[in-house]
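Got chain A sorted already, so can you dock chain B onto it with the hints?
Number of protein chains: 2
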Amino acid sequence: MNPQGKLILLPNFLHEEGVDLLKSMPSCLSNVVGSLDGVVCESEKGARLFLKCFTLKDGLTFRNIPLKLLNEHTESKEQIRELLEPIRKGEVWGVLSDAGMPCLADPGSSLVDAANQENLSVEVYMGPTSIILALLLSGFSAQSFSFHGYLPRDVPLLKKRFLELKLMCQKSHQTQVFIEAPYRNDKTLEILLESLDPFFRVAIAVDLGGKDQKVIVKTVAALRKEKSQLNINKRPAVFLFSC
Amino acid sequence: MNPQGKLILLPNFLHEEGVDLLKSMPSCLSNVVGSLDGVVCESEKGARLFLKCFTLKDGLTFRNIPLKLLNEHTESKEQIRELLEPIRKGEVWGVLSDAGMPCLADPGSSLVDAANQENLSVEVYMGPTSIILALLLSGFSAQSFSFHGYLPRDVPLLKKRFLELKLMCQKSHQTQVFIEAPYRNDKTLEILLESLDPFFRVAIAVDLGGKDQKVIVKTVAALRKEKSQLNINKRPAVFLFSC
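Protein chains in written order, with the working numbering: chain A, 1 to 243; chain B, 244 to 486.
This is chain A alone, in the form it adopts within the complex:
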């Protein structure tokens, strides 16, 4: 093992159309990206769009820099350990998801876990992540919160899950956070509003990091009246609720 090898978790842009994409990113990002020998990424397209914004190490461009995929198809521990081979040899590789931070509701953790088990060096540079931005902008308590990723697609299962989360929220007073595939936002909000009591408060953060960023914070009672005018469907969204 060459001790100079390193895995570096990097923030990808939240939104392609973000105004001044780099201003919210860590100030050392250009230097760090310029030191990479390769990138483990969720998708080639997402990685190359990001890498295009930087000057890479001599001889490398966003077209020819080595990329290796880590996504829902990277299943076996063997495949994951294989991704670490360049690090063992002393190379510096980035990890990129398609938006925001790797690992957070995205691939990455299994790779960090494997790197930890081999005592390989792992670094993180934090940038904006939609989950945390939504939590901070909602004004809901962030002393204690629970993030559930994607909830079940099946409607009866989703209803059951919302009832569980509602009870958890009432018992623990933890802010509840989840995400949804954009085309299901309207349907999911409808079921959420049926599942919660009128006094619960819901926040919906859409297009975070984009020019149309919007954070709606209202009681369930108010949202039941206004839900048809929210215009959230097909826009990337984070949902939160609190009581």
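Below are the EDC-like pairs computed for lysine to aspartate or glutamate, each with C-alpha atoms no more than 20 Å apart in a straight line: (1) B/K457 to B/D429; (2) A/K218 to A/D207; (3) A/K6 to B/D455; (4) A/K214 to B/D356; (5) A/K171 to B/E407; (6) A/K77 to A/D113; (7) B/K266 to A/E123; (8) A/K214 to B/E361; (9) A/K214 to B/E366; (10) B/K457 to A/E123; (11) B/K457 to A/D113; (12) B/K461 to A/D113; (13) A/K218 to B/E361; (14) B/K288 to B/E315; (15) A/K159 to A/E194; (16) B/K311 to B/E325; (17) B/K461 to A/E118; (18) B/K454 to B/E259; (19) A/K166 to B/E407; (20) B/K414 to A/E164; (21) B/K332 to B/D356; (22) B/K249 to A/D212; (23) B/K403 to B/D440; (24) A/K218 to B/E366; (25) A/K227 to A/D197; (26) B/K461 to A/E123; (27) B/K409 to A/E164; (28) B/K457 to A/E118; (29) B/K454 to A/E123; (30) A/K211 to B/E366; (31) B/K470 to B/D440; (32) A/K23 to B/E366; (33) A/K218 to B/D356.
Hints are computed from structural coordinates only; laboratory data are not their basis.
Positioned in the frame of chain A, the structure of chain B alone reads:
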């Protein structure tokens, strides 16, 4: 209400001794801090140490920039609404906690909530936060996780709480995250290791952002043997566990 007023949540340094304090911060941070008319802060000392690193707006220095406190003693809604008075008049104020991001296990959410209710503009620039750094560096799943802030100090209550979290973890497979006052780290770890089954995995991230940053990831069985050699007491720590 003057629409130019704005509340901006800013990251404070995680660690005073951090090498290259600014490199992990958003690249626009100097410009943003240079535009502030005042700062709502958790403590004067924490805010002035931060502000000292920047060039402020004409006439202002880290010694004379207006500061208003927001902490555990800011209790009434009236006090919180009062903090927004300059924003209503069109001023731009920052919000700073003593380390990391406001709101996250720190004061801030009640102020954002009040600002949202008056439709005042709120922005966030993300920097490193110890909770998220610890989660990413642990390699534990971040598809779903639960952050509990500080747990009870009372030992019987803490034991009860650990048993609840253990059951939640087994049922939901959510990564569990909490923080502790540094001088209680050893005692809390001891009780945690008694409460969990040997196969659970525990991560302890200490001194994040500092030169002695360390992330320990081991099974409960291994930690029971090695706990006396961990050297975590009196160091800022984030604890995580997973099964």
